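Visitor: Going down the list, the protein sequences come from chains E and R.
The numbering used here puts the first sequence at residues 1 to 317.
The numbering used here puts the second sequence at residues 1 to 544.
Check before you lean on any hint, since a few could be wrong.
As the list claims (entries may be wrong) - Ranges between beta-carbon positions, derived for each pair: (1) R:P383 / E:G160: 26 to 36 angstroms; (2) R:K135 / E:W179: 50 to 60 angstroms; (3) R:S386 / E:Y4: 48 to 58 angstroms.
As the list claims (entries may be wrong) - If you want a taste of the chain R side facing chain E, the calculated C-beta under 7 angstroms gives, among others: (4) S46; (5) D47; (6) R143; (7) R144; (8) S151; (9) R221; (10) E222; (11) E251; (12) A258; (13) Q263; (14) P462; (15) G464.
Source of the hints: derived by calculation from the structure; they are not laboratory data.
Keep in mind it's a predicted model, so treat the numbers as computed, not measured.
Beta carbons are placed, not taken as given, at the ideal position from N, Cα and C, and that holds for glycine.
Spelled out from the first residue to the last, the chains are:
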Amino acid sequence: MLAYIGRRVVYTVPIMLGVSLVCFALVHISPGDPLVSVLPADASEQLRLTMMRLYGFDRSYPEQFGLWLWRAVQGDLGTSIATGRAVATEVLRAAGNTLRLAALATVIGFVFGCLFGFVAGYFRDSWVDKLASLLSVIGVSVPHYWLGMVLVIVFSSQLGWLPATGAGPGGSSSWVWDWEHVSHMVLPAITMSVIPMGIIARTVRALVAEILAQEFVIGLKARGLNEVGVFAHVVKNAAPTALAVMGLQLGYLLGGSILIETVFSWPGTGFLLNAAIFQRDLPLLQGTILVLAMFFVLLNLAVDVVQTMLDPRIERG
Amino acid sequence: MTQLDRRSFLASSAGAAAGVAAGAGLGLSPAAAQAGGVLRIAMTASDIPLTTGQTDQGGEGQRFMGYTVYDSLINWDLSRSDRSSSLTPGLATKWEVDPANTNRWIFTIREGVQFHDGSTFTAEAAVWNFDKLLKEDSPQFDRRQSAQGRSRIPSIAGYRALSPGVLEITTRAPDATLPYQVAWIMFSSPAQWEAMGRNWDAVALRPSGTGPWRLDRFVPRERAELVPFPGYWDKARVPKTSRMVLLPIPEANARVAALRGGQVDWIEAPASDAIASLRQAGFQITANAYPHNWTWHFARNPGSPWNDVRVRRAANLAVDRQGMKQLLADMMIPAEGFLTPGHAWFGNPTFKLRTDVDAAKRLMAEAGFTPQRPLRTKVLIAPSGSGQMQPLPMNELIQQNLADVGFAIEFEVVEWNTLINIWRAGAAHPSSRGASAMNYSYFIQDPFTAFIRHLATELQPPAGTNWGLYSDPDMDRLFQDLRTAFDPAALDRAMQRIHEKYVDEALFLMVTHDVGARAMHRRVQGFVQAQNWFQDFSPITIAG
Chain E
1 MLAYIGRRVV YTVPIMLGVS LVCFALVHIS PGDPLVSVLP ADASEQLRLT
51 MMRLYGFDRS YPEQFGLWLW RAVQGDLGTS IATGRAVATE VLRAAGNTLR
101 LAALATVIGF VFGCLFGFVA GYFRDSWVDK LASLLSVIGV SVPHYWLGMV
151 LVIVFSSQLG WLPATGAGPG GSSSWVWDWE HVSHMVLPAI TMSVIPMGII
201 ARTVRALVAE ILAQEFVIGL KARGLNEVGV FAHVVKNAAP TALAVMGLQL
251 GYLLGGSILI ETVFSWPGTG FLLNAAIFQR DLPLLQGTIL VLAMFFVLLN
301 LAVDVVQTML DPRIERG
Chain R
1 MTQLDRRSFL ASSAGAAAGV AAGAGLGLSP AAAQAGGVLR IAMTASDIPL
51 TTGQTDQGGE GQRFMGYTVY DSLINWDLSR SDRSSSLTPG LATKWEVDPA
101 NTNRWIFTIR EGVQFHDGST FTAEAAVWNF DKLLKEDSPQ FDRRQSAQGR
151 SRIPSIAGYR ALSPGVLEIT TRAPDATLPY QVAWIMFSSP AQWEAMGRNW
201 DAVALRPSGT GPWRLDRFVP RERAELVPFP GYWDKARVPK TSRMVLLPIP
251 EANARVAALR GGQVDWIEAP ASDAIASLRQ AGFQITANAY PHNWTWHFAR
301 NPGSPWNDVR VRRAANLAVD RQGMKQLLAD MMIPAEGFLT PGHAWFGNPT
351 FKLRTDVDAA KRLMAEAGFT PQRPLRTKVL IAPSGSGQMQ PLPMNELIQQ
401 NLADVGFAIE FEVVEWNTLI NIWRAGAAHP SSRGASAMNY SYFIQDPFTA
451 FIRHLATELQ PPAGTNWGLY SDPDMDRLFQ DLRTAFDPAA LDRAMQRIHE
501 KYVDEALFLM VTHDVGARAM HRRVQGFVQA QNWFQDFSPI TIAG
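Produce the entire structure from the sequences given, and follow the hints as far as they go.
Guide: Below, the structure written as structure tokens:
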């Protein structure tokens, strides 16, 4: 097991290096001016060139990449051009906010996704299956920014039950787990959960149907195991795949949703990315993408390890 | 360590709980829950503007974090809504040019002005602030503030304190527009910079200016809370509310939802399709003319079709501005010139902007074009952008209008920041992709931003932003007259003559002016929407 984990960790190094190169290149080849956030629109070309020098953008791309990577491996992701604040601090604060939101969205998505999936798979072709499948298809298909706006119109503007924007009274820096704050998470978390819920439900439904058709299930029934016992075996067999899918979905959610976080002004990584893109804040953009990519890589690693623990056949494969 | 006994602990806890309970509904820290009312504003910016002095985020940054926390030597008078704003004494009580040497200006510093940290504003502090922006080897040089401020004061060649109360500024050449340039510059406290370890990032969290508001709380990207500065030198402008909370909510529908849901009292730039329903729901909608215009900037390099004045006039006569007003739910002022109608510098142009399709067709025919044999040309536009209003439907309307009189316009659509770079590079640069015009909206508040930067020969790229490479010795002479018009009345007249030439020669496609729409709750009272990019929040009160 340890050798397998060690091997997986070693594999992540070239992946991380590739990710850092790709994210640097993507950010730099896209059109626009990295100083757009610090220069007034009517600044002259001469002033722009002066500022390029002051910010070090007059250096060659390999030189800039080398410097950035060298600092990044030491934990220094640079300084935001637009704000002058350390990128690492900005990203970690935003990631904490997104993590909070993603965790709630994951719980909602996983619980309801599994529920719909197991029910639909277990009662295949019944009306329950059709209803659960319909809900999961809606979850996958509905544009979530649209859903977010509809939820805001209904629950904030019309009914006034839940706040429409922000991360609670006083902002995210004074977060506490009380209803005053949690109420700000409800609408964005529900909006965020619909896609993973749909994906998990569809995956689990197919898995359950496949497992139920296997011979060992017939064997279990033949040995007199009751429905609950059979169901437990089905769940255990479906768990590794469901977990892997959930892990991937959590990775996506941790990336924050630019659209959802913008609609709800939730100060997470999506909101940060949106600001960085529109301000052409290259250090912030690079740093945020890198951290999110690292999250994703590490999350995949963790899922692989947990899957192996649940199903030793994977290690042997 | 101080010992806290049980009784005082209970008393302070009860007080804190009461404060939290009162403030919780407003999303405020306990200190905010006090008399005077709290004004919560949703800005369109995606971040809190730079707090250290010279703000970023354009006009909005200066509006909320510039003229609130800071002052300039010369401020804008924002007390009237019924006329265009003029300059008024700020940290300087008087400024005058030396008659013997018109490159030399003397500013008399206002006595007894204190920064929020208690230190005193002097001419030396002013020099320190100019160094902050212009002198790269000074310890306080801040590249972020420099990027914002340097381009605002192109005429300044030198400055020195003659005494604590007298500041001398010298210019590269005689320039009567200097006071308008200086009005951009915000003055931060040298003492606070020292106290914060000479670190601008630390100052950003606890800045100190001389303005009527003091920054009390700052959560990057989420909120800034300003409180009145009781020691403000202009007692009439000490804020009447107890706190102003600024929230960055860049998405227009999210701002509307926040207003409807009671999370904020005031939103900037509501979505135009939400205005009618907001009004119906009892919210106030305020709007007024302000120095903004929405134009097509014509290229004037050799080969440009816009070098023919008949073509320029025809385009201006073809635009259906009333139709556009309907398109924008009345949230615009149809252009009568480059400046807003009734502006003090409007003058009396002879070419009247109106919709006259027949006259436009005649002019185009004289120039050799008809709807059947149209003038084909390309125009650069962006699908969105600061101040660009609703560029896609607006440009499409103009495209149709112009097609009726003999133009075949092809749009080259680029992203907004790309358009800015093209604008800086000039019409002859390959990045302009052969376009002969560009849709651009302008901040036109002072002589330089309103006129000089667009058409002065010396400001052709890369030296400036004369994108169209326009060059006319007569116009340059008018600019020179303006720069030497040291008497305010003479300056006004010089500005009028320039504006008359802008309109009479149809130097731009002059389409519309934005009206700075804002939506606010009925309890917000006392707001006077000045005809300016900046606004005064001091007189506002919140009704019970």
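Visitor: The structure should be examined with respect to each hint, and the outcome stated for every one.
Guide: Hint check results:
| no. | hint | verdict |
| --- | --- | --- |
| 1 | R:P383 / E:G160: 26 to 36 angstroms | holds, 34 angstroms |
| 2 | R:K135 / E:W179: 50 to 60 angstroms | holds, 53 angstroms |
| 3 | R:S386 / E:Y4: 48 to 58 angstroms | holds, 54 angstroms |
| 4 | S46 | holds, 4 angstroms |
| 5 | D47 | holds, 6 angstroms |
| 6 | R143 | holds, 5 angstroms |
| 7 | R144 | holds, 6 angstroms |
| 8 | S151 | holds, 4 angstroms |
| 9 | R221 | holds, 6 angstroms |
| 10 | E222 | holds, 4 angstroms |
| 11 | E251 | holds, 5 angstroms |
| 12 | A258 | holds, 5 angstroms |
| 13 | Q263 | holds, 6 angstroms |
| 14 | P462 | holds, 3 angstroms |
| 15 | G464 | holds, 5 angstroms |
The structure fails none of the hints (numbered hints given earlier).
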